[in-house]
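*Asks:* So the sequences go chain by chain: A and B. Note that the numbering used here has the first sequence beginning at 53, numbered continuously upward. Note that the numbering used here has the second sequence beginning at 53, numbered continuously upward.
If you are wondering where the hints come from, they were derived from the structure by calculation, not from laboratory data. Built from N, CA and C at the ideal position, the CB exists for glycine as well.
Computed Cβ-Cβ distance ranges for the label pairs, DEER-style:
#1 A/G68 - B/S83: 46 to 56 Å
#2 A/A118 - B/D298: 24 to 34 Å
#3 B/S79 - A/G150: 49 to 59 Å
#4 A/G159 - B/D130: 28 to 38 Å
#5 B/D72 - A/E182: 53 to 63 Å
Residue strings, one per chain:
There are 2 protein chains.
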Amino acid sequence: MSEIRILPLASLPEVGPGDDLGALIVSALASAELRPETGDIFVVTQKIVSKAEGRLVRLETVEPSAPAREWAQTYGKDARVIEVILREAKRIVRMERGVLIVETKHGFVCANAGVDASNVPEGMVTLLPEDPDQSARRLREELEKAFGIPLAVILSDTFGRPWREGVANVALGVAGLAPLLDYRGQPDTHGHTLQMTVVAAADELAAAAELVMGKTNRVPVALIRGYQYNPAAGSGRDLLRRAENDLFR
Amino acid sequence: MSEIRILPLASLPEVGPGDDLGALIVSALASAELRPETGDIFVVTQKIVSKAEGRLVRLETVEPSAPAREWAQTYGKDARVIEVILREAKRIVRMERGVLIVETKHGFVCANAGVDASNVPEGMVTLLPEDPDQSARRLREELEKAFGIPLAVILSDTFGRPWREGVANVALGVAGLAPLLDYRGQPDTHGHTLQMTVVAAADELAAAAELVMGKTNRVPVALIRGYQYNPAAGSGRDLLRRAENDLFR
Numbered sequence: 053m054s055e056i057r058i059l060p061l062a063s064l065p066e067v068g069p070g071d072d073l074g075a076l077i078v079s080a081l082a083s084a085e086l087r088p089e090t091g092d093i094f095v096v097t098q099k100i101v102s103k104a105e106g107r108l109v110r111l112e113t114v115e116p117s118a119p120a121r122e123w124a125q126t127y128g129k130d131a132r133v134i135e136v137i138l139r140e141a142k143r144i145v146r147m148e149r150g151v152l153i154v155e156t157k158h159g160f161v162c163a164n165a166g167v168d169a170s171n172v173p174e175g176m177v178t179l180l181p182e183d184p185d186q187s188a189r190r191l192r193e194e195l196e197k198a199f200g201i202p203l204a205v206i207l208s209d210t211f212g213r214p215w216r217e218g219v220a221n222v223a224l225g226v227a228g229l230a231p232l233l234d235y236r237g238q239p240d241t242h243g244h245t246l247q248m249t250v251v252a253a254a255d256e257l258a259a260a261a262e263l264v265m266g267k268t269n270r271v272p273v274a275l276i277r278g279y280q281y282n283p284a285a286g287s288g289r290d291l292l293r294r295a296e297n298d299l300f301r
Numbered sequence: 053m054s055e056i057r058i059l060p061l062a063s064l065p066e067v068g069p070g071d072d073l074g075a076l077i078v079s080a081l082a083s084a085e086l087r088p089e090t091g092d093i094f095v096v097t098q099k100i101v102s103k104a105e106g107r108l109v110r111l112e113t114v115e116p117s118a119p120a121r122e123w124a125q126t127y128g129k130d131a132r133v134i135e136v137i138l139r140e141a142k143r144i145v146r147m148e149r150g151v152l153i154v155e156t157k158h159g160f161v162c163a164n165a166g167v168d169a170s171n172v173p174e175g176m177v178t179l180l181p182e183d184p185d186q187s188a189r190r191l192r193e194e195l196e197k198a199f200g201i202p203l204a205v206i207l208s209d210t211f212g213r214p215w216r217e218g219v220a221n222v223a224l225g226v227a228g229l230a231p232l233l234d235y236r237g238q239p240d241t242h243g244h245t246l247q248m249t250v251v252a253a254a255d256e257l258a259a260a261a262e263l264v265m266g267k268t269n270r271v272p273v274a275l276i277r278g279y280q281y282n283p284a285a286g287s288g289r290d291l292l293r294r295a296e297n298d299l300f301r
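Please model the entire structure based on the sequences and the hints provided.
*Replies:* What follows is the structure, encoded as structure tokens:
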């Protein structure tokens with residue numbers, strides 16, 4: 053095992069609908085005098101992808117339903133935001149004590165369906181990208197074309213977790229690497245066969261990237277260098293537990 | 053934000069009960085010609101701490117109870133291992149379809165109470181350390197004394213997560229840094245006040261470290277260098293959601 057480096061890319065401008073995110077990243081890399089190397093993994097926050105893809109909702113255009121209004125009133129929330137969350141949801145997992153955890157149309161289980169008002173202009177919220185894998189693939193193609201080397205892209209967002217305090221960054225969309233690392237069948241240090249270890253490598257990469265991103269800073273992109281992986285098409289969907297294996301529905 | 057480096061420490065010998073883990077790490081650092089720097093965070097896998105602390109159970113000494121035997125028979129498991137898991141549990145969270153998720157005496161919610169047969173000699177399993185914070189504190193003291201600089205220590209283990217496939221490394225014990233990073237009240241890039249963002253920094257640090265650790269390799273320790281944090285006593289207990297806020301009991 054060799055060293056891994058996590059490099060922050062801070063010099064991106066404010067991203068807006070229609071912006072060519074790939075081109076913005078390429079130019080930010082140039083300003084930072086940061087040249088990607090073969091196999092580098094770009095971790096990109098969902099937020100700037102959503103902004104570039106126009107996944108923004110102006111709250112004044114939203115007419116909240118009666119349930120959204122009632123919930124919002126009970127817990128001192130904005131009914132229009134609740135309405136947007138409910139529209140993004142395929143299934144409500146928990147809706148109690150002011151906490152709204154849903155399964156999104158993509159299959160992500162998270163608070164507020166990933167709808168978020170932070171780091172966006174007043175009166176607006178962002179939605180998650182419509183197809184995070186496709187967003188990751190598109191970005192990967194653009195970056196690989198710009199630099200002429202194989203790269204990988206992870207689209208990330210911070211999710212809460214049951215039983216543990218605080219949010220942690222996870223991978224929503226993946227392009228260029230297998231998100232799960234399957235050790236089953238391999239021998240451990242005592243020669244036993246490992247039985248059940250599948251590591252969510254893409255989630256750990258996203259978590260690692262968050263350490264240089266922070267929340268209030270303009271560091272929406274991180275490069276991870278030195279992580280050994282086998283290139284693969286990859287998909288964030290591999291990280292979603294199927295309903296039949298889910299004990300916490 | 054500056055670069056973060058994750059440095060693997062591979063040259064540790066097999067650890068056994070009574071070993072001075074701090075001394076082993078100091079000597080492994082010397083062999084690797086790796087000199088800790090101020091603020092470096094040592095992430096250490098639970099497994100070697102448990103071994104050093106003698107938290108090993110010889111399965112031939114375990115008499116399984118009737119429920120353990122029944123469960124083991126139904127799902128093709130070792131009844132003695134199930135018995136050990138049930139003894140480590142304060143509360144059973146889920147026990148179905150061959151999956152046993154419990155709350156440990158420490159308050160961790162995880163599969164099999166952290167009882168593990170991988171990377172240990174045949175016929176034995178490891179338990180989690182009795183007090184992971186204390187283990188982390190002790191290791192930190194020893195390392196700080198050896199190098200004469202402030203350091204931090206995280207004790208880690210890989211846990212499964214509801215809704216997502218694969219395990220990810222999390223922090224069980226923490227010494228020297230605040231495990232949660234609280235952004236509430238700080239302005240975002242648009243000057244709004246961030247409402248609800250508390251980041252589980254120690255879990256993300258543990259996840260980052262796992263990227264150089266792997267599962268079949270002898271890399272039980274990683275150094276994280278360059279992560280900016282405010283030194284604090286710290287405790288892994290801060291990462292445990294209290295029962296009254298837990299929607300998934």
